[in-house]
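In case you want the letters, here they are:
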Amino acid sequence: SQQGEEDPQALSIQEGENATMNCSYKTSINNLQWYRQNSGRGLVHLILIRSNEREKHSGRLRVTLDTSKKSSSLLITASRAADTASYFCATMEGSNYKLTFGKGTLLTVNP
Amino acid sequence: DVKVTQSSRYLVKRTGEKVFLECVQDMDHENMFWYRQDPGLGLRLIYFSYDVKMKEKGDIPEGYSVSREKKERFSLILESASTNQTSMYLCASRTQGQGQPQHFGDGTRLSIL
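Taken in sequence, the protein lines are chains A and B. Note that the first sequence covers residues 1 to 111 in the numbering used here. Note that the second sequence covers residues 1001 to 1113 in the numbering used here.
The set of hints was computed from the structure by calculation and includes no laboratory data. None of the values given here were measured: they were computed from a predicted structure. Built from N, CA and C at the ideal position, the CB exists for glycine as well. Be a bit skeptical, because a hint or two may be false.
[Stated by the list, open to error] Not the full set, but computed from the structure, chain B residues with beta-carbon under 8 Å of chain A: (1) Gly1042; (2) Leu1043; (3) Pro1061; (4) Leu1090.
[Claimed, not checked] Here are the simulated lysine-lysine pairs, DSSO-like style, with alpha carbons at most 30 Å apart: (5) A:Lys70 <-> A:Lys98; (6) B:Lys1070 <-> A:Lys98; (7) B:Lys1057 <-> A:Lys70; (8) B:Lys1070 <-> A:Lys70; (9) A:Lys69 <-> A:Lys103; (10) A:Lys69 <-> B:Lys1018; (11) B:Lys1071 <-> B:Lys1055.
Required output: the full structure, derived from the provided sequences and hints.
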């Protein structure tokens, strides 16, 4: 069953611009994670935010979490062509081992 | 760095064949996972293993089985391959604990003819 849903499905921007991707989910979560997938490759973990956190930063990445709205956003600042990839949010419920992934946002950064 | 290695990047098999996909991780992770990824459907969990010889069904286990005889190796088995199992298969591992990320291999693109 799908938990996280990313929005938009696709985003195209110019190098240097900021990119914002959103994720909505349905049930209570323990944490929410963002992953990146370059074409034809596996997923790479970017950042994790716990349910009791509201904002987290890592380099050019900023993640927010609003548990009352069951939503999260990923902001990539000063984007580069190398940021071109699909971005997925994934949620973990309770003490479950499982992550449930959304369908992803395809980000294209044009040089 | 964690390394998760999948035995093949591309694989072509015929319907009815028994197919083995192998995954090895080098970080002594307790948990291992098999996903399939299809356009428009995202990643779907097939099976996972929280420790050696332990396994649990994911969301779409039908037509698949798994084996975890050693901690570093998690095998996905297609008992009798069918064309609807043509997909990208991704293996992941992680250490035990709620806040731990998953580490992925580069995937096996499997075509069933």
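Status of each hint after checking the structure:
Satisfaction of the interface hint for glycine 1042 of chain B is found here, the shortest Cβ-Cβ separation to chain A being roughly 4 Å, below the 8 Å cut-off. Because the closest C-beta pair between leucine 1043 of chain B and chain A is about 4 Å apart, less than 8 Å, the hint holds. Given the 8 Å rule on beta carbons, the hint for proline 1061 of chain B is violated: about 13 Å separates it from the nearest Cβ of chain A. Of the supplied interface hints, the one on leucine 1090 of chain B holds, with its beta-carbon coming within about 6 Å of a beta-carbon of chain A, less than 8 Å.
Of the supplied pair hints, the one linking lysine 70 of chain A and lysine 98 of chain A holds, its CA atoms being roughly 18 Å apart against a limit of 30 Å. Restraint check for lysine 1070 of chain B and lysine 98 of chain A: the C-alpha separation of about 21 Å stays at or below 30 Å, so the hint holds. With a C-alpha separation of about 27 Å, the suggested pairing of lysine 1057 of chain B with lysine 70 of chain A holds against the 30 Å cut-off. Between lysine 1070 of chain B and lysine 70 of chain A, the direct Cα distance comes to roughly 39 Å. Violation of the 30 Å bound is thereby established for this hinted pair.
Our distance criterion of 30 Å between C-alpha atoms is met by lysine 69 of chain A and lysine 103 of chain A, whose separation comes to about 19 Å. Between lysine 69 of chain A and lysine 1018 of chain B the CA atoms are separated by roughly 46 Å; this puts the pair beyond 30 Å, and the hint is violated. Simply put, lysine 1071 of chain B and lysine 1055 of chain B have alpha-carbon atoms about 12 Å apart, close enough for the 30 Å limit, and the pair holds.
Hint compliance for this structure: hints 3, 8 and 10 are broken, all remaining hints hold.
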